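Participant: These are the residues of each chain, in order.
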Amino acid sequence: NAGVTQTPKFQVLKTGQSMTLQCAQDMNHEYMSWYRQDPGMGLRLIHYSVGAGITDQGEVPNGYNVSRSTTEDFPLRLLSAAPSQTSVYFCASRLRAAGQWNTEAFFGQGTRLTVV
Amino acid sequence: AQSVTQPDIHITVSEGASLELRCNYSYGATPYLFWYVQSPGQGLQLLLKYFSGDTLVQGIKGFEAEFKRSQSSFNLRKPSVHWSDAAEYFCAVGAPGTASKLTFGTGTRLQVTL
Chain R
24 NAGVTQTPKF QVLKTGQSMT LQCAQDMNHE YMSWYRQDPG MGLRLIHYSV
74 GAGITDQGEV PNGYNVSRST TEDFPLRLLS AAPSQTSVYF CASRLRAAGQ
124 WNTEAFFGQG TRLTVV
Chain S
94 AQSVTQPDIH ITVSEGASLE LRCNYSYGAT PYLFWYVQSP GQGLQLLLKY
144 FSGDTLVQGI KGFEAEFKRS QSSFNLRKPS VHWSDAAEYF CAVGAPGTAS
194 KLTFGTGTRL QVTL
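Chains as they are written, first to last, in this note's numbering: chain R, 24 to 139; chain S, 94 to 207.
For reference, chain R alone in the conformation it holds in the complex:
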């Protein structure tokens, strides 16, 4: 099992450019999410999804879009990159076990994004 796979690992963007961070999981997890990690701020939730076709906002959604067309994939789109979006981005997935969410999150290795 590959688990949660994120691509790319590193990316440099110019202000105003757009890009998509890819996330794929092969564990058939219903729940997928995107976090950003900034020094001294821990991980903050950007968007999450509880299944194909269902997405919702986290605590820092501005400037980011998501969609969930399949169970496996949950891409994160930056439509017009800004320096404030320089961060490390993590994708995570969780299993729904017997209708309960008492499961841990599995994380990808992260994407380090720099916006200049």
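Don't take each hint at face value.
[As the list claims (entries may be wrong)] Calculated cross-link-like contacts (lysine-lysine; reagent style BS3-like; alpha-carbon spacing at most 30 Å):
id	chain 1	residue 1	chain 2	residue 2
1	S	K142	S	K161
2	R	K32	S	K161
3	S	K142	S	K154
4	S	K154	R	K32
[Stated by the list, open to error] Some chain S residues near chain R, calculated using beta-carbon distances under 10 Å:
id	residue
5	V97
6	G134
7	Q135
8	K142
[Stated by the list, open to error] Negatives, chain S to chain R, calculated, CB over 12 Å:
id	residue
9	E108
10	S111
11	E113
12	Q131
13	L139
14	T148
15	G155
16	T199
17	L207
None of these hints come from the bench; they were simulated from the model. Keep in mind it's a predicted model, so treat the numbers as computed, not measured. The beta carbon of each residue, even a glycine, is placed where N, CA and C say it ideally should be.
Following the hints, put chain S in place on chain R, whose structure we already have.
Facilitator: Below, chain S without anything else, positioned relative to chain R:
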């Protein structure tokens, strides 16, 4: 909404010494609780989790944590630290019964001196 506080930003311990990392949460009932570890340049790895039952939980790499409802705490402990334990540690809380997000603390960076 739930929240998590990790009051110690940075802790330094000597190899072989004991370790306790603090975590306090805010939630109206018993939450789901997790400890994750992150080595430099890596993703997060689960150390242990608490959902219900025995309040002392054992994890990987010799770590344990104790859920104390009266103190709203879930502190992480290790009796004898190894140099390879140097990393950043995150406490996280989730709300049972919902398709809930995990809320993370700001992390504690552990430095181990030889």
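Participant: Just double-check S:G155 for me: nearest Cβ-Cβ distance to chain R has to come out over 12 Å.
Facilitator: 19 Å, holds
Participant: Does the closest beta carbon of chain R sit nearer than 10 Å to the beta carbon of S:G134?
Facilitator: 8 Å, holds
Participant: Classify the label on S:T199 as holds or violated, using whether its beta-carbon is more than 12 Å from each beta-carbon of chain R.
Facilitator: Non-interface label fails for S:T199: nearest chain R Cβ at 4 Å, not farther than 12 Å.
Participant: Does R:K32 pair with S:K161 here, judged by a C-alpha cut-off of 30 Å?
Facilitator: 39 Å, violated
Participant: Would you assess whether S:E113, listed as outside the interface, keeps its beta-carbon beyond 12 Å of every beta-carbon in chain R?
Facilitator: 19 Å, holds
Participant: Any CB of chain R closer than 10 Å to the CB of S:Q135?
Facilitator: Nearest chain R Cβ about 7 Å off; hint holds.
Participant: Please verify whether S:K142 and S:K154 have alpha carbons no more than 30 Å apart.
Facilitator: 14 Å, holds
Participant: Can you verify the interface hint for S:K142: is its Cβ closer than 10 Å to any Cβ in chain R?
Facilitator: Cβ of S:K142 sits 5 Å from chain R, so the hint holds.
Participant: Please work out if S:K142 and S:K161 have their alpha carbons no farther apart than 30 Å.
Facilitator: It holds: about 14 Å lies between the C-alpha atoms, which stays within 30 Å.
Participant: Let's test the interface hint: is any C-beta of chain R closer than 10 Å to that of S:V97?
Facilitator: 8 Å, holds
Participant: Given the hinted pair S:K154 and R:K32, is their alpha-carbon gap at most 30 Å?
Facilitator: 27 Å, holds
Participant: According to the definition I'm using, a residue is off the interface if its beta carbon is farther than 12 Å from all beta carbons of the partner; does S:T148 meet that for chain R?
Facilitator: Nearest chain R Cβ is 16 Å from S:T148, so the label holds.
Going through the hint list in order, the structure does not satisfy hints 2, 12, 13, 16.
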